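Put chains L and W on the given structure of chain F with help from the hints.
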Amino acid sequence: MNQERIKQWKKFFRRLFSRKLVVVAASLVLFFIIAAVFAPFLTPYGPYQQDLSNVLTKPTTAHWLGTDRSGRDVLTRILYGARTSLAIGVVSVAIAAVMGTLLGLISGYYGGLVNMVLSRIIDMMMSIPSLMLALALALVFGRNMGSLMIVLGISTVPTYTRLMNVQVLSIKNADYIMAEKVLGAGNIRILFTHILPNCLSPIIVLLTANIGMTILAESSLSFLGMGVNPPTASWGGMVSDGTTQLLINPVFALAPGICIMLLVFGFNVLGDGLRDALDPRLRGSI
Amino acid sequence: MSKYILKRIGQSLAVLFLVSVFAFILLYMVPGDPVYAMLGGDITREQYDIAYREMGLDRSVMVRYFGWLFRFVTGDWGKSFKYAMPVVEVIGSRLPVTMFLGLISVVIGTGFGILLGTVAGKNRGKLSDSFITVCSNLGAVMPVFWLAVLGMYIFSLKLGWLPSHGFSFASEPWLMVRQAVLPVISLSVGQICITTRQMRSGMLEVIRQDYIRTARAKGLKESQVVYRHAIRNAVLPVVTLTGMSIRNVVAGAVSIEQVFAIAGMGSLLMNGILSKDVAVVQACIMIIAIVVVLSTLIVDISYGILDPRIRIK
Amino acid sequence: MKKYVLSILLCVAMVLGLTACQRSNAPDSQTGSGTDSQEKSQGNNETSGENESSEAADIASAGGVLKVGIMAEIVVLGYPGRLVSSNELVIVQPAVETLCRFDSEGKLVPWLCESFAEDADNLTVTVKLKEGIKFHDGTDFNAEAVKWNWEEFIAQGRNELASLDFIEAVDEYTVVAHLKNWDNAFSENALYQAGFMFSPSFCKEKGVDEAGAHPVGTGPYKFSNWEKDIKVIFEKNEDYWIEGQPYLDGIEIYLMFDNNTMATTYLTGGFDALPILMPDARSLLLAQDQEGLLSEAVLGGATITIMAYGCTDSNSPFTDINLRKAVSHAIDYAAIANAINSGTGYILTNQWAMPGAWSYNDSTEGYPYDPEKSREYLAAAGKPDGFEFTCYTMTINNTLAEMIQGYLNDVGINMSIENIDQAKQDEIAGIGGNWDGMILSAGRCDAEIASIYARTFTSEGVRFVGGMLHPEDVADLISKARNAKTFDEKAQHNRELADLVSSYNMIQPMFINVPVWFCKDNVQDTGFYKTHIILWTPETAKFR
Chain F
480 MNQERIKQWK KFFRRLFSRK LVVVAASLVL FFIIAAVFAP FLTPYGPYQQ
530 DLSNVLTKPT TAHWLGTDRS GRDVLTRILY GARTSLAIGV VSVAIAAVMG
580 TLLGLISGYY GGLVNMVLSR IIDMMMSIPS LMLALALALV FGRNMGSLMI
630 VLGISTVPTY TRLMNVQVLS IKNADYIMAE KVLGAGNIRI LFTHILPNCL
680 SPIIVLLTAN IGMTILAESS LSFLGMGVNP PTASWGGMVS DGTTQLLINP
730 VFALAPGICI MLLVFGFNVL GDGLRDALDP RLRGSI
Chain L
595 MSKYILKRIG QSLAVLFLVS VFAFILLYMV PGDPVYAMLG GDITREQYDI
645 AYREMGLDRS VMVRYFGWLF RFVTGDWGKS FKYAMPVVEV IGSRLPVTMF
695 LGLISVVIGT GFGILLGTVA GKNRGKLSDS FITVCSNLGA VMPVFWLAVL
745 GMYIFSLKLG WLPSHGFSFA SEPWLMVRQA VLPVISLSVG QICITTRQMR
795 SGMLEVIRQD YIRTARAKGL KESQVVYRHA IRNAVLPVVT LTGMSIRNVV
845 AGAVSIEQVF AIAGMGSLLM NGILSKDVAV VQACIMIIAI VVVLSTLIVD
895 ISYGILDPRI RIK
Chain W
6 MKKYVLSILL CVAMVLGLTA CQRSNAPDSQ TGSGTDSQEK SQGNNETSGE
56 NESSEAADIA SAGGVLKVGI MAEIVVLGYP GRLVSSNELV IVQPAVETLC
106 RFDSEGKLVP WLCESFAEDA DNLTVTVKLK EGIKFHDGTD FNAEAVKWNW
156 EEFIAQGRNE LASLDFIEAV DEYTVVAHLK NWDNAFSENA LYQAGFMFSP
206 SFCKEKGVDE AGAHPVGTGP YKFSNWEKDI KVIFEKNEDY WIEGQPYLDG
256 IEIYLMFDNN TMATTYLTGG FDALPILMPD ARSLLLAQDQ EGLLSEAVLG
306 GATITIMAYG CTDSNSPFTD INLRKAVSHA IDYAAIANAI NSGTGYILTN
356 QWAMPGAWSY NDSTEGYPYD PEKSREYLAA AGKPDGFEFT CYTMTINNTL
406 AEMIQGYLND VGINMSIENI DQAKQDEIAG IGGNWDGMIL SAGRCDAEIA
456 SIYARTFTSE GVRFVGGMLH PEDVADLISK ARNAKTFDEK AQHNRELADL
506 VSSYNMIQPM FINVPVWFCK DNVQDTGFYK THIILWTPET AKFR
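Protein chains in written order, with my numbering: chain F, 480 to 765; chain L, 595 to 907; chain W, 6 to 549.
Looking at chain F on its own, in the form it has when it is part of the complex (with noise of 0.2 angstroms):
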């Protein structure tokens, strides 16, 4: 049994890093939550430590990225800024997922009105436009980092609940199922047990491209001055201070830009890579 178990696991990582570009992805992710992590030790400075008699340097040997506004080091923020966009991207889509799968697994398997009611709220929060509703929310919530993850897990929501909702549609009139019904299995072990796992493939791909999308939408929020409270590093709100800078001090604004772009590409193309490998072939060997 172990062993089957780990050949299918040796096929499934085969298969995922067949293409190039999805190991160089994944480098990239491993790359940024090591930073993310490690941060302390990378760096001399702290994130907040201010030297006003230096601000808007360039990059020196000193600052290999310069300094921004208050004398901080760019580098140091960036590193930090890490943190922010990886623990709000994978918090707040953890808090989508789990929702939104539960949510869903529960409309799509006992249908009826339940499915009826659970849609129709799905719609209405997809009627209103990601951001608004994270901003709405924020005002009721407030603009701290937790408030932050709840108010952008909750505007996510919908997409899984929509996803899981089509899945266990299509499989819970399937054979095995109705075996186990015969058998006389209860519907809680039926559906954790059977239903989840052959649709959780969807939702892994899912996962991965979303926590791109939220750090995206964190940076818009930070953008406005609406994400996290100041002084806590985040990209967004660094490349927000940096646009001023752009024609003085390029640096300041294009790397946290770049690096926002380099994370949401690599989970982007990660997602895309576990999609290829967890093809409808493999479904349910996992």
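Simulated from the structure, these hints should not be mistaken for lab results. Note that the structure is predicted; figures quoted are calculated from it, not measured. Careful, some of the hints might be misleading.
In silico SDA-like pairs for lysine to any residue, Cα to Cα no more than 20 angstroms straight-line [unchecked claim]:
no. : chain 1 : residue 1 : chain 2 : residue 2
1   : L       : K815      : L       : R718
2   : L       : K752      : W       : L291
3   : L       : K601      : F       : V596
4   : L       : K752      : W       : Q295
Derived CB-CB ranges, DEER-like [as the list claims (entries may be wrong)]:
no. : chain 1 : residue 1 : chain 2 : residue 2 : range
5   : F       : V645      : L       : G686      : 37 to 47 angstroms
6   : W       : Y374      : F       : M578      : 46 to 56 angstroms
7   : L       : T808      : F       : A658      : 56 to 66 angstroms
8   : L       : E799      : F       : L648      : 16 to 26 angstroms
9   : L       : G686      : W       : P360      : 43 to 53 angstroms
10  : F       : P519      : W       : Y374      : 26 to 36 angstroms
11  : F       : V645      : L       : I899      : 50 to 60 angstroms
12  : W       : Q161      : F       : P523      : 48 to 58 angstroms
13  : L       : A811      : F       : I485      : 38 to 48 angstroms
We treat Cβ as the ideally placed atom computed from N, Cα and C, and that holds for glycine.
Same frame as chain F, but now just chains L and W:
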């Protein structure tokens, strides 16, 4: 077919009802006194009492909700305390701007997206495919506001080709067109990239299908194969994507409105949220929702016309 | 398929080529004022190489539309007493004029009035008005109009005219203000601050809200339209009371939010003048070799960046003066001012008064940067490990707030930043408002500080008043200062006032902003920053 349409209309109405409930309770979810949220803090005791009774705060929630809904449906959207004018007028001046710019960018985005995606899908593995794929992946991850600012710097400051801000219907026609270029391009890029990727993967899937092989075997010209069969089938998911993107367009891509100083719905909603101008926020949410639901409805119905399988479900 | 791609690319190239051509050809045909006449109004343009119409500009010394860019958010534009922020006062001037203006020494000179006379013994100020001036709605500017304006100013809750007893319209063009007690600041308040003259008949007819968005005055330009959050448009007043003026067809004042856009638009010729802008835009333009003009007027109407502690709210830590002082001592004002303003355009001060002016107290110590002292005060307050509070400020001040945050961190004080907009700030800092932390904002700094302090530290105040204590001794000293009959007495009381207020440390001054602004070479006589920080002369503005 008509049963399908009726069903969808019914669903749309239900959704709008839910949106109205959400918009309504937003006022009470905001921390602070709802009267102050509506009128601002700068009012006298008498004004407070009058507003309290007018808003029906002394009556039950249900009565209040239906009162608000009735007023909304009959065109009384309240007064914006920030702008000291009826919300209808405020929205009336901004909605056309957003719709105009938004629709153009959706059209451009979808059009170019289909084009590029088809090219990429057909020429899989060749240089053109790789180039388009890389570009569309990069474009999809580029923050929109960054693109906007870069565009402004290059085309307005450096090259001097385009004005740097201020789209409005009051400008003379040629200027208006030039003022629209940068905002529209910034708005479309994301759409182009998403559509290209979707179209490309759709084309890849479709090209492998049997009926394409049959068409080729029949001796049809390559372009005919592509047109008559491949594109038609690959384009369907793009239609749904477009429907979904309309809602983002209607919100006016707030950051673009901010960078280019355009008075559209996006910045109105955001400023309303920031200054807690609740009447404006409620009306904006309702209007945006109505536009989105309407366009989704149209998209779904046309989807149903294009793809008979959907109707039968 | 390839053919299609090629052809589309060709189309795009054609369009771009056309666009480029269009710019270098003759300017677009003008369709009247109020439309975007970029080409016509520009003479030189450094960066984009427009080569057209320098000839056209030479020929036309009259006409054209002046485009002014202002970094501001305005809430109200009309009705006496409603305009609070200096931005609003600046923007309204093409349409609304004041009874008096200032000369280069900061003294009042008549403008809409013919002359004015103070009589300290009889407690009157007599104002003789110029005759034959009409408001834009055709009604006469006369004594009744002045009387109505002053009365409405008071009715809107302003207290600058608190010493007014009653107003007498002696004849059609003479107004006498009878005072309850002598107030040597009354003339300036009545003739400048409350001296913006709005048309009573228009205001009465339209009501506060509508008139508040539609200023009708006697000015050289008539208000045309206010596209909310975008721009305010004024058109030439053909019936202006000065012959031959104004020179321009119109003035458009753009309300900008984004530093980039503002600077870029100026550089590409979309704006002719930038009188009010943020340090970011300023450093951008300076880096592009644009010449920054320093204000010639430093005495009147300057803005001072301040931290306003909430001293009365029960949730605010700043009810304890030790904590106020702890925060004040923890900040290195010189370093921050230098960093934020890129080295120019500011004056350091340790009190809410203008260094060099007659009201500045040289012996006041204030609260200079001293982290040791800060820690002492923290201990005295029973919080040796620091405490936390919220700083309320508008987003434009975020960089400044972050710098302050950095310094406070060093002594263990945890400041969180909450962004508010102009309307919200007006609400909590206005009559009946309060706040439970600190507001980082700007105040006014004239030479005559007693009136300014009266607006904040007395119970009849209008600005930051809710969060301030209203100590008796301050109120007393303010009255004394305003009742003084000789200049020396006045100056001395003002200085004592500066010191006394500083001892309470309810408002901690950071630095005074000396405006650095930008103006194209072909724009003349706008009057910005000539004699006063807020007042300019729209009637003389013209293109060279």
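To see whether the hints hold, each was checked on the structure:
no.: 1; hint: K815(L) with R718(L); in the structure: holds (19 angstroms)
no.: 2; hint: K752(L) with L291(W); in the structure: holds (17 angstroms)
no.: 3; hint: K601(L) with V596(F); in the structure: holds (14 angstroms)
no.: 4; hint: K752(L) with Q295(W); in the structure: holds (16 angstroms)
no.: 5; hint: V645(F) with G686(L): 37 to 47 angstroms; in the structure: holds (39 angstroms)
no.: 6; hint: Y374(W) with M578(F): 46 to 56 angstroms; in the structure: holds (50 angstroms)
no.: 7; hint: T808(L) with A658(F): 56 to 66 angstroms; in the structure: violated (38 angstroms)
no.: 8; hint: E799(L) with L648(F): 16 to 26 angstroms; in the structure: holds (21 angstroms)
no.: 9; hint: G686(L) with P360(W): 43 to 53 angstroms; in the structure: holds (51 angstroms)
no.: 10; hint: P519(F) with Y374(W): 26 to 36 angstroms; in the structure: holds (29 angstroms)
no.: 11; hint: V645(F) with I899(L): 50 to 60 angstroms; in the structure: violated (21 angstroms)
no.: 12; hint: Q161(W) with P523(F): 48 to 58 angstroms; in the structure: holds (57 angstroms)
no.: 13; hint: A811(L) with I485(F): 38 to 48 angstroms; in the structure: holds (44 angstroms)
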